[in-house]
Amino acid sequence: MYYAVITLGRMVNLKMIKIEEICEKISNNIAQELNLDDDKRSVMNYGIFAFIQIVICIGLVIVFGLIFNVVIEAVIVSFTISILRKSSGGVHASSPGRCATIGTITSVGMGLISKYINVSLGLVIFVGGVIFIWSYYIIYKLAPVDSIAKPIKSIGKRIRLKKNSIVILSVYLIIVINEFLYFYFTKDSSALVYSLCIYMGILWQAFSLTKYGHLLIEKLDKLFK
Amino acid sequence: MKRRILMSIATIATVFASIVATSACMWASYQPEEPKCLRDE
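Those protein sequences? They're chains H and E, same order as listed. The working numbering applies: residue 1 is where the first sequence begins, and numbers increase by one. The working numbering applies: residue 1 is where the second sequence begins, and numbers increase by one.
It should be emphasised that the hints constitute simulated quantities derived from the structure, not laboratory data. These numbers come from a predicted model, not from an experiment. Do not take every clue at face value.
As the list claims (entries may be wrong) - Looking from chain E toward chain H, a few residues come up when the C-beta cut is under 8 angstroms (computed):
1. Met1
2. Cys25
3. Glu33
Claimed, not checked - Simulated restraints on C-beta separations:
4. E:Met7 x H:Val119: 51 to 57 angstroms
5. H:Tyr140 x E:Met1: 26 to 32 angstroms
6. H:Tyr184 x E:Lys2: 56 to 62 angstroms
7. H:Ile22 x E:Met7: 17 to 23 angstroms
8. E:Met7 x H:Gly129: 34 to 40 angstroms
9. E:Lys36 x H:Gly156: 31 to 37 angstroms
10. E:Ile5 x H:Ile117: 45 to 51 angstroms
11. E:Met7 x H:Glu218: 54 to 60 angstroms
12. H:Lys225 x E:Met7: 37 to 43 angstroms
13. E:Val15 x H:Ile83: 43 to 49 angstroms
Stated by the list, open to error - Derived list of chain H stretches under chain E, where covered just means 3 residues or more per stretch with a C-beta under 8 angstroms from a C-beta of chain E:
14. 32 to 40
15. 81 to 90
16. 97 to 109
17. 142 to 152
All C-beta atoms in this analysis are idealised placements derived from N, C-alpha and C, irrespective of residue type, glycine included.
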């Protein structure tokens, strides 16, 4: 199982390197045909690559979610992480392939844990309380965490992104409270499962802002080299 | 016709790049080098 995951990760890595080259070729051709300057070509290349990478990451989570029968759970985890990540930033993998592999493994893995773990409403509320308090603290203290490839120098933008991160976290809190109410009145256990998926997504994203998160991603990154 | 299609792709890609540029990072945990003209220096 371990070697299967590692091999799969390396295969995805190779494919993604080719996608980077393909994006470069597409943008070069379009820029040549339309007589665009280098700035416009690089912006277009950035946009095409961003679009393709997002489609591949979501596609992989859906495919592996279907294989492990946790498609809804994995998609909830993936979207929870990614939506919060857009404002709060965080540690990055060194290549798009490793990013897709780590993202798929974490989303599907957390989806599996959420689906098959057996917990009571009281425990979910308690764990949720701890996770939300910790995440609010981490995001208030650290977000947005930028990278060398995309530095955030403007103070205005940093304040806006921090505010957005707190708003997104608050929206997640409202969704989770609604799920508790839904479970309380209907006894439908899927509401608790989806709440756990949101918890895990928040926990992973908040953890990726910390130095221990950076160390873990660096280790995973080396594993799929 | 070909020019119009290429122009549409270029426009959509530029809009998408601008949307990504306003956030802290891209969707997933990989961040390609952001073009200098999109950076807020």
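Results for each hint:
| no. | hint | in the structure |
| --- | --- | --- |
| 1 | Met1 | violated, 12 angstroms |
| 2 | Cys25 | holds, 5 angstroms |
| 3 | Glu33 | holds, 5 angstroms |
| 4 | E:Met7 x H:Val119: 51 to 57 angstroms | holds, 54 angstroms |
| 5 | H:Tyr140 x E:Met1: 26 to 32 angstroms | violated, 53 angstroms |
| 6 | H:Tyr184 x E:Lys2: 56 to 62 angstroms | holds, 59 angstroms |
| 7 | H:Ile22 x E:Met7: 17 to 23 angstroms | holds, 20 angstroms |
| 8 | E:Met7 x H:Gly129: 34 to 40 angstroms | violated, 52 angstroms |
| 9 | E:Lys36 x H:Gly156: 31 to 37 angstroms | violated, 19 angstroms |
| 10 | E:Ile5 x H:Ile117: 45 to 51 angstroms | holds, 49 angstroms |
| 11 | E:Met7 x H:Glu218: 54 to 60 angstroms | violated, 42 angstroms |
| 12 | H:Lys225 x E:Met7: 37 to 43 angstroms | holds, 40 angstroms |
| 13 | E:Val15 x H:Ile83: 43 to 49 angstroms | violated, 19 angstroms |
| 14 | 32 to 40 | holds (count 5) |
| 15 | 81 to 90 | holds (count 7) |
| 16 | 97 to 109 | holds (count 5) |
| 17 | 142 to 152 | holds (count 9) |
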